[in-house]
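These two chains come separately, so use the hints to put the complex back together.
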Amino acid sequence: VIHVYAILRSTGGPDAPATGLGDRPIEIRPAGPFAAAFSRHGQANVAVTPDNLWAHERVVERLMANHTVLPARFGTALADVPELDAALLRHGPRLATALDHVEGCVELGLRALWRHPEDALANDTDAPPPSTPIHAAGTVPGTGRAYMEARLAQEQRSRSVAQEAEALADALHAPLAALAKDSVRRTRASEDLVLSAAYLVPADTVDAFRSQVLQARSAHGTVRVLCTGPWPPYHFTPVLDLAEVLRAG
Amino acid sequence: MIRSDDVPAGRREQPPADGDDPALEQELTLLELVDRLLDKGVVLTGDITLSVADVDLVYVGLRVLLSSVEAAQRMGQDPAAAGPAGAATTGGGRP
Numbered sequence: 001v002i003h004v005y006a007i008l009r010s011t012g013g014p015d016a017p018a019t020g021l022g023d024r025p026i027e028i029r030p031a032g033p034f035a036a037a038f039s040r041h042g043q044a045n046v047a048v049t050p051d052n053l054w055a056h057e058r059v060v061e062r063l064m065a066n067h068t069v070l071p072a073r074f075g076t077a078l079a080d081v082p083e084l085d086a087a088l089l090r091h092g093p094r095l096a097t098a099l100d101h102v103e104g105c106v107e108l109g110l111r112a113l114w115r116h117p118e119d120a121l122a123n124d125t126d127a128p129p130p131s132t133p134i135h136a137a138g139t140v141p142g143t144g145r146a147y148m149e150a151r152l153a154q155e156q157r158s159r160s161v162a163q164e165a166e167a168l169a170d171a172l173h174a175p176l177a178a179l180a181k182d183s184v185r186r187t188r189a190s191e192d193l194v195l196s197a198a199y200l201v202p203a204d205t206v207d208a209f210r211s212q213v214l215q216a217r218s219a220h221g222t223v224r225v226l227c228t229g230p231w232p233p234y235h236f237t238p239v240l241d242l243a244e245v246l247r248a249g
Numbered sequence: 001m002i003r004s005d006d007v008p009a010g011r012r013e014q015p016p017a018d019g020d021d022p023a024l025e026q027e028l029t030l031l032e033l034v035d036r037l038l039d040k041g042v043v044l045t046g047d048i049t050l051s052v053a054d055v056d057l058v059y060v061g062l063r064v065l066l067s068s069v070e071a072a073q074r075m076g077q078d079p080a081a082a083g084p085a086g087a088a089t090t091g092g093g094r095p
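Quick note, the sequences are listed as chains R and A, same order.
Here the first sequence stands for residues 1 to 249, numbered as in the working numbering.
Here the second sequence stands for residues 1 to 95, numbered as in the working numbering.
A portion of the hints provided could be inaccurate.
Claimed, not checked - If we take Cβ atoms under 10 Å as the criterion, some of the chain A residues that face chain R in the derived model are:
no.: 1; residue: Leu28
no.: 2; residue: Leu33
no.: 3; residue: Asp35
no.: 4; residue: Leu37
no.: 5; residue: Gly41
no.: 6; residue: Leu44
These are calculated hints, taken from the structure and not from any lab test.
None of the values given here were measured: they were computed from a predicted structure.
The beta-carbon is built from N, C-alpha and C at its ideal position, and this holds for glycine as well.
Bound conformation, chain A alone (with noise of 0.2 Å):
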């Protein structure tokens, strides 16, 4: 979880809830930060390419189709030939 003090003042919750769990606010706060960046946004280019915890991922298009890149490799350098088969789906595009 985040610490607090990573949090920008002015991303916190605001105004703060009477008795809230402020871990439990800044927990939520990130994963709003990890819904909108990884998620939302303009995407210029066809492919993303994420690093999470030392494994490269491809991530391509609007729907959000992570593929190692070793697999997208295997497939023959194309992530989007990578397909569903094997790769993780992390989610819809747009709502």
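Isolated chain R, as found in the complex (with noise of 0.2 Å):
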């Protein structure tokens, strides 16, 4: 069984490293206009372990040091050598149309933490928020009328802290994606995690990129921005069609 790391342009002579998951040496078949990095392993399956998948990482991103790579999904396996070929060949005009794309860019990615002004105090004293009624205002507690109030209140509130972290992941991204090739913005996971994004970077732009990210901490003060990379370009990669995958595999 063979363990794909990356497509990568067939330039002659990869600077390929030496070894990548379980320490097993990492080949370079060429394959028409492209090349494959991958190594030989005993069995198909792979540990999901930090070690493992910074192994995979480090045999990618050496590459890419020096060649346009498309990075291969975790624990993608194949038989043999001939299916490899087959599936390059099969791919081949996805895979050069994305190999043009990511051309001369790296992958930055953007997470940004925010919790309302207000939130974050209320779980500082464990008070609740100030603008969170127990009771509407000219209301008898303990009533419905009060409690339907109260609840009215608090998902008007909650409407309008939605909408102010909406404001402000557009204003942390619109400058960003400005100075990428392509983006992609991620489903907001949770409720502090009010930007989730990758930018498909030229290498050229990437100080300019974090200048930018430096001013947006500096605009946004309350905000926790995380900017990491440069990354191999996984999320600028093609998707293959299913069924064709599914029956050649």
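Here it is in structure tokens:
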């Protein structure tokens, strides 16, 4: 079984790292206009551990230093080299288009964490947020009307916080997206995570991108901004036709 | 959580933010890695077999459907046939 790390432009003599998962030697297989980096293993399954994830990542990064690469998803295993050749041939046009798209670029990741100041304060003091009414003004506590009005006020406040978070995310994202060739905003996974995004940035624009991140930190003091990278362009690889992949696999 | 020396130098958050918690940053960096390696990247083959905590999982296609190998085999050797019932969905494919 072979474990695939990345597809790259075939440029003669790629500088591959010596070893990958399980300290197995990395081999480069040219196939037409592409090449694939892989290692040979006794079994198809691979354990999801931080060490193994970083081992895969290091191989792709090493290749990325000198070549245009499309990283393979972790755990991509094929029976043998002929199967790899066939897959590269089958998906050639999509892979070529994707390699053109990411050429000269790296991926940068961004996560922005934010809590509404009133929520943060309530968390610190264990007191209810100042704007959260226990009962609405002018109503008698403990009555059904008071309860419903309090629920309505909470709902309105929650909607207002969500809108504020969305506006904040837009304000952070827009100037960064303007520096990128392409970008992907991920679904908001939690209330605190106002923005999670990946940017395909030309290599010579990375410094400008980081400066913009610093500016965003200064401009939005209540937001914690984490910028990671450069990564291989994981978010900008082609989605191959599932039915075709399953048929062939 | 990942040890600091497991994080390649080029992958650490740059530039560091004043007052930020390095432990939180490392945790988020590992999350960023997991998001990418397990949910993105080219899929050349129909199924991917991963092992999590000694349980082999069959990872099917582009929508990231996970099923244990045992469950997939019960369903007739075809991991795709395991379907959502008895399988754990770890998230959608591309956004």
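Going down the list of hints, with the structure as the test:
1. Leu28: Leu28 (chain A) check passes; min Cβ-Cβ to chain R is 5 Å, inside 10 Å.
2. Leu33: It holds, given that the least Cβ distance between Leu33 (chain A) and chain R is near 6 Å, below 10 Å.
3. Asp35: holds (8 Å)
4. Leu37: This interface hint holds because 4 Å falls under the 10 Å limit.
5. Gly41: holds (4 Å)
6. Leu44: This hint holds: Leu44 (chain A) lies near chain R, its Cβ roughly 4 Å from the closest one there, short of 10 Å.
Comparing the model with each earlier hint shows no violations; every hint is respected.
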